[in-house]
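Letter by letter, the chains look like this.
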Amino acid sequence: MSCPTHRRPEYRKINKDLFVLTYGALVAQLCKDYEKDEDVNKYLDKMGYGIGTRLVEDFLARSCVGRCHSYSEITDIIAQVAFKMYLGITPSVTCNNSSRNEFSLILDKNPLVEFVEELPAGRSSLCYCNLLCGIIRGALEMVHLAADVTFLQDRLKGDSVTEIGITFLKKPEEKKYRRKK
Amino acid sequence: MADEALFLLLHNEMVSGVYKSAEQGEVENGRCITKLENMGFRVGQGLIERFTKDTARFKDELDIMKFICKDFWTTVFKKQIDNLRTNHQGIYVLQDNKFRLLTQMSAGKQYLEHASKYLAFTCGLIRGGLSNLGIKSIVTAEVSSMPACKFQGQRVGNWISPANIH
Chain Z
1423 MSCPTHRRPE YRKINKDLFV LTYGALVAQL CKDYEKDEDV NKYLDKMGYG IGTRLVEDFL
1483 ARSCVGRCHS YSEITDIIAQ VAFKMYLGIT PSVTCNNSSR NEFSLILDKN PLVEFVEELP
1543 AGRSSLCYCN LLCGIIRGAL EMVHLAADVT FLQDRLKGDS VTEIGITFLK KPEEKKYRRK
1603 K
Chain L
45 MADEALFLLL HNEMVSGVYK SAEQGEVENG RCITKLENMG FRVGQGLIER FTKDTARFKD
105 ELDIMKFICK DFWTTVFKKQ IDNLRTNHQG IYVLQDNKFR LLTQMSAGKQ YLEHASKYLA
165 FTCGLIRGGL SNLGIKSIVT AEVSSMPACK FQGQRVGNWI SPANIH
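As given, the protein sequences belong to chains Z and L, one line each in that order. Those letters in the first sequence? Residues 1423 to 1603, per the working numbering, in order. Those letters in the second sequence? Residues 45 to 210, per the working numbering, in order.
It is worth saying that the hints were derived from the structure and are not from the lab. There could be a bad hint or two in this list.
[Unchecked claim] Only pairs whose alpha carbons sit at most 20 Å apart, straight line, appear in this in silico EDC-like list of lysine to aspartate or glutamate: (1) K1435(Z) / D47(L); (2) K1438(Z) / E48(L); (3) K1435(Z) / E48(L); (4) K1506(Z) / D98(L); (5) K1506(Z) / E48(L); (6) K64(L) / E1460(Z); (7) K1531(Z) / D47(L); (8) K64(L) / E93(L); (9) K1435(Z) / E93(L); (10) K110(L) / E93(L); (11) K1468(Z) / E67(L); (12) K1435(Z) / E157(L); (13) K1438(Z) / D115(L); (14) K64(L) / E1536(Z); (15) K122(L) / D1480(Z); (16) K1438(Z) / E157(L); (17) K97(L) / E1536(Z); (18) K142(L) / E67(L); (19) K1464(Z) / E93(L); (20) K1435(Z) / E67(L); (21) K1458(Z) / E67(L); (22) K64(L) / D1480(Z); (23) K64(L) / E186(L); (24) K1438(Z) / D47(L); (25) K1579(Z) / D1480(Z); (26) K1454(Z) / D47(L).
Because the structure is a prediction, the values reported are computed rather than measured.
Build the full structure now, drawing on both the sequences and the hints.
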């Protein structure tokens, strides 16, 4: 019995698709369950938070990153190591303020939206990738860093780029450390 | 691969999310399982499309099931199905002795009552994959001792092979 020759599909790519497609099915289900975009966004953020708190362990085990000494170092690691490891992309990092606690990740490519052409009708405030914000927030909290993470720009909403803003919230004790130095 | 961690965590959050936001009576009447199964169905359809874009046509139903057990299962769950049984009349039993979505949960009978929640998505995945290959089916799962589990697929109607489409 001769086997007809056929090109083997790229199995690794398809394995990535599993996550992307599952995420899409999840968002579609949430849009069915919740009428308001804010509710879907909040749900995705909460879910992402739960994932982030666990993902950070996996990340630290795989990446062996050393201790970070600044918010900018941490943001660089998120962009260059974590994003690369889990999503295969490297967003660029910019610092948005002089006190160096507000940063932006600019996503040139976003694998999560690979199969999304546009937001569904009537869902113009949907932050499709809000899971990512929750993941970053949850992961940072597990290493004792409080931060606000939101989407500042979104290509799906018509902006020119997709931009995630990370604002590290200063803790009162930190100011004490600074004075001692 | 790192991607697997992401999918596993997402899947677990989805299961707990569905059950947390379930309304009164939804857990009992199986609405949560249905939601998860439906999500799996969508994903299965999409995955199998990308998979079989360039593969040769399947000669028969058994060929399709072997594909699911080998290529499909390996790509999605990093291993093949350990045992495939059939009665050659449309019923197939796929046995996975170390099912990826259950290995972290327990080894044995602990948490057995929760296992079905974590299998619903995969049942849908199989059903969706088969559906886009022309096989309409009902897929159920059973676990007697984690992490081994069996997926049973029952064909509904006749297989619409490409040769039969006029």
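Okay, the hints, checked on the actual structure:
1. K1435(Z) / D47(L): 10 Å, holds
2. K1438(Z) / E48(L): 8 Å, holds
3. K1435(Z) / E48(L): The hint holds at about 12 Å.
4. K1506(Z) / D98(L): The given pair, whose Cα atoms are some 29 Å apart, is violated under the 20 Å limit.
5. K1506(Z) / E48(L): Since the Cα atoms of K1506(Z) and E48(L) sit roughly 14 Å apart, the hinted pair holds (cutoff 20 Å).
6. K64(L) / E1460(Z): Given that 20 Å is the threshold and the Cα spacing comes to 19 Å, the pair holds.
7. K1531(Z) / D47(L): Cα-Cα ~17 Å, so holds.
8. K64(L) / E93(L): 32 Å, violated
9. K1435(Z) / E93(L): Given pair K1435(Z), E93(L) holds - Cα atoms ~13 Å apart, limit 20 Å.
10. K110(L) / E93(L): 17 Å, holds
11. K1468(Z) / E67(L): 19 Å, holds
12. K1435(Z) / E157(L): 34 Å, violated
13. K1438(Z) / D115(L): Holds, because 15 Å separates the two Cα atoms, which is no more than 20 Å.
14. K64(L) / E1536(Z): Judged against 20 Å, a Cα distance of about 29 Å means the pair is violated.
15. K122(L) / D1480(Z): 18 Å, holds
16. K1438(Z) / E157(L): This hinted pair is violated, its Cα atoms lying about 30 Å apart.
17. K97(L) / E1536(Z): 17 Å, holds
18. K142(L) / E67(L): Not satisfied, since the Cα-Cα distance of roughly 33 Å exceeds 20 Å.
19. K1464(Z) / E93(L): At roughly 32 Å apart (the allowed maximum being 20 Å), E93(L) and K1464(Z) break the hint.
20. K1435(Z) / E67(L): 37 Å, violated
21. K1458(Z) / E67(L): 18 Å, holds
22. K64(L) / D1480(Z): Judged against 20 Å, a Cα distance of about 25 Å means the pair is violated.
23. K64(L) / E186(L): Violated, at roughly 23 Å.
24. K1438(Z) / D47(L): Given pair K1438(Z), D47(L) holds - Cα atoms ~7 Å apart, limit 20 Å.
25. K1579(Z) / D1480(Z): 32 Å, violated
26. K1454(Z) / D47(L): 27 Å, violated
Hint compliance for this structure: hints 4, 8, 12, 14, 16, 18, 19, 20, 22, 23, 25, 26 are not met, and every other hint is.
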